[in-house]
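Novice: Given chain A, put chains B and C in place with the hints provided.
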Amino acid sequence: MLTVENLSVTFSMYNDGLRQQQLVVITDLDLEINAGEVVAVLGSSGSGKSLLAHAVLGILPNNASVGGTMMFAGEPLTTQRQAQLRGKQIALIPQSVGYLDPLMPVGQQVARAAQLSGVSQPQQAVRQTFNRYSLADRVRNMLPFQLSGGMARRILVSTAAIGQAQLIIADEPTPGLHPDVVAETLRHLRELADSGKAVMLITHDIQAALAVADRVAVFYAGTTVEVARATDFAGDGQALRHPYTQALWRALPQNDFTPLPGVQPAPNALPSGCLFLDRCPLKTSMCEVERPALRSLRGGAVRCIHAT
Amino acid sequence: MKLTLATPATPARSTPVFNRRSKTMLTIGLCLACFVAVLIGAAALGDAGLQSSLRERNLSPALAHPFGTDWLGRDMLTRVVQGLSLSLKVGLLAASVAAVIGAVLGTLSATLGGVVDTVITWIIDVFFSLPHLVLLILIAFAMGGGINGVIVAVALTHWPSLARIVRAEVLQVRQSDYAQLSFKFGKSPLWVAWHHMRPHVIPQFIVGLILLFPHAILHEAGLSFIGIGISPNVPAIGVILSEAMRYLATGYWWLGVLPGLMLLILVKTFDVLGENVRHLLDPKTSQD
Amino acid sequence: MTMLEAHSIAFRYQPHGSWVLRDIDLHLKPGEIVGLSGPSGRGKTTLAKILAGLLNATQGQVSLDGRPLPQRGHCPVQLILQNPELAVNPRWHISQILQEGYDTAPQPQLLQSLSIETGWLSRWPNELSGGELQRIAVARALGPHTRYIIADEITTMLDAITQAQIWQSLLEQARLRNLGVLVISHDAPLLARMCHRLVTMPE
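For the record, the sequence lines run as chains A, B and C. Residue 285 in the working numbering is what sits at position 285 of the first sequence, and the numbering runs on without skipping anything. Residue 107 in the working numbering is what sits at position 107 of the second sequence, and the numbering runs on without skipping anything. Residue 78 in the working numbering is what sits at position 78 of the third sequence, and the numbering runs on without skipping anything.
Bound-form chain A, shown alone (with noise of 0.2 Å):
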């Protein structure tokens, strides 16, 4: 359904002064989404995760610039097929009620989600939506202040569910929530691939990303480090392709609970070759001369020149 090529995103920084500094935040990122499955994207702060799912929507900033290329459905997706299909084929599941008008009903506002979507009968898709999502009718004239955790976390599912959006990027949508919350949120997106269509979830959190993808593309400082199967993440990760993946495995508290010392290299300070040459524990000299390319190994892909 989704397919992204070599994307890179700069930005262009003004570092104290008139100068223009050009950051490159996502390098070389591939990823492959299709449709009736969940791919998770992992990674920390920082890493471009986020940036991924704002460029495949079309609505980075101003100072941004995009290389590479994405098709979607098989055909390119240009500037103006983004603006097309933005919340009719792509949807966003926003990450909080703030993305939310503050002052109006929000049964209102999936209503119009519906209508921008293209859904002939708005209203009727709302209650069926509701209906689906256990919200009850009078939730249809709440604002979203009033509205709690869980029932929060309904709507904004709803607005991306209730068209007929084959891509559903779901953007961290389990921050600091509480676990039932969680678990139910996550269950809606199983729900919406196995009704056919293709998932994107954006998190942090490994658990959250095991309990309903197929697959996991990791993401370290801005470009694809492994693409694993959900599976593989068992035991002591041995499954586990780059060392990145197999260091945030053992990094659980229910694993080891030991960190990788060290932290993600700034976009404006990536080291030539292999991003993760500084806290690598494989690193030998080759790794210096050239960032690897992402190959595929045991039913997955992986950028590391000593993965086996």
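Keep in mind the hints are simulated off the structure, nothing from the lab. The structure displayed is predicted, hence computed values, not measured ones. Errors might be hidden in some of the hints.
Some chain C residues near chain B, calculated using beta-carbon distances under 10 Å [what the hints assert, rightly or not]:
no.: 1; residue: F11
no.: 2; residue: K49
no.: 3; residue: R72
no.: 4; residue: V77
no.: 5; residue: Q78
no.: 6; residue: G101
no.: 7; residue: T104
no.: 8; residue: Q107
no.: 9; residue: L111
no.: 10; residue: A137
no.: 11; residue: R140
Partial selection, computed: residues in chain A whose CB lies under 10 Å from chain C [to be verified]:
no.: 12; residue: G67
no.: 13; residue: P175
no.: 14; residue: E191
no.: 15; residue: I206
no.: 16; residue: R250
no.: 17; residue: F257
Note that the Cβ used here is the ideal one computed from N, Cα and C, for glycine as well.
Specialist: Just chains B and C now, with coordinates in the frame of chain A:
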């Protein structure tokens, strides 16, 4: 196994100086230069052109008198530049007084809270609900007109807008997590006010102040126009425009059009300055 | 008795509103790592703020070593919040933010153990990521006068490696300085891994 060429670490590449920010800075510079030019011009031209010279009455704009002359033979260019300069000074003074009153009351209202906040907010609301111009005229009239009357009238009618802005900013900081935590690091309320609130309030204050100037200038011109502002002996734009009204039918267009146009340009320049400064200081737009 | 104690704490925002907290008792000893979990999100954060002295309990009281929490000076009970972006002044440099918790300056070893790079110190908060800011917030809270840390979901928004880094460093400081730490979290494995004792919020 496929290896692609490495993308080297991107160096800090500087683009030549025609980006948005340098244009903003340039615009700000030009605006400021305009104002300085008016003030210098007024000083440079002196009073020579203000003398009556009855042989040169009502001349239309020409090389010797680029803005023409009036019915007393006075050089219009001199009068207009002097007028602008005076309007500028009076406007700046009035706006500054209004801004200081607004900032102080806004801060007191937000920090002291309770009764003080209620009273000040009530006063602000009252001022906003009263007809602006009527209040202005009443106060200027009650003060007996003149420059003092104008300054007091403008100051008293314009402080509420800035007070509201400052109050909102101070309240926001006061309720923030970082301000609350600051007290727990042992900082006194005064320390918190100076170190935490000031960096937030100052940018808003500056932009608010700059945008207040055009109002003040226009109001001064207006009051002088209807006769309760600056006295007719002094060349103020409002006075010039008022006198030019008598000659509307005569076809001496330069008596009204040129001063009016200059006033418009002056006011617009302030507006442009304010918007550009705001653009620079607002973190949302400062990276454009 | 040397400890941080909350006795019969009750809290509501309005004089006749509904109770957010009712009859809560809690204690934290130096060197203890206590986990706090429970159903309602707001109640736990409210309790955290009361324990750190940012809010006053409507009923009941918080005592430190038998005396009420000090109102002035650097409070020995420090709160670290979930969202570091809101816990720092966006118009301050990182070095200023860090300095606020200290009389002189933070120890370089502390900064190192939290993986705080010197390059960050001259930056603005909006130039750092959430994980980096949270490390700064943790370092800021570990000033010399601090004896208890209330950590309210401090790593919920962070990835696994950053989470492990921050906690390993924080726990090490707690061991070295015999600090009491209250860990508020939904993450059961995290609490099981780190805490000596677990407490659940009622209702």
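Novice: Hint by hint, note whether the structure agrees.
Specialist: So, going through the hints one by one against the coordinates:
1. F11: Violated, because the Cβ-Cβ distance from F11 of chain C to chain B comes to roughly 16 Å (cut-off 10 Å).
2. K49: Where the cut-off is 10 Å and the nearest Cβ of chain B is about 8 Å from K49 of chain C, the hint holds.
3. R72: 7 Å, holds
4. V77: This interface hint holds because 8 Å falls under the 10 Å limit.
5. Q78: This interface hint holds because 7 Å falls under the 10 Å limit.
6. G101: At about 6 Å, which falls below the 10 Å cut-off, the nearest Cβ of chain B leaves the hint on G101 of chain C intact, so it holds.
7. T104: 14 Å, violated
8. Q107: 17 Å, violated
9. L111: 18 Å, violated
10. A137: Hint holds; A137 of chain C Cβ to chain B Cβ min 9 Å, cut 10 Å.
11. R140: 8 Å, holds
12. G67: 23 Å, violated
13. P175: Interface hint status for P175 of chain A: holds (6 Å vs cutoff 10 Å).
14. E191: Violated. Min distance 23 Å.
15. I206: Holds, about 6 Å.
16. R250: 9 Å, holds
17. F257: 5 Å, holds
This entry does not satisfy hints 1, 7, 8, 9, 12, 14, going by the numbered hints stated previously.
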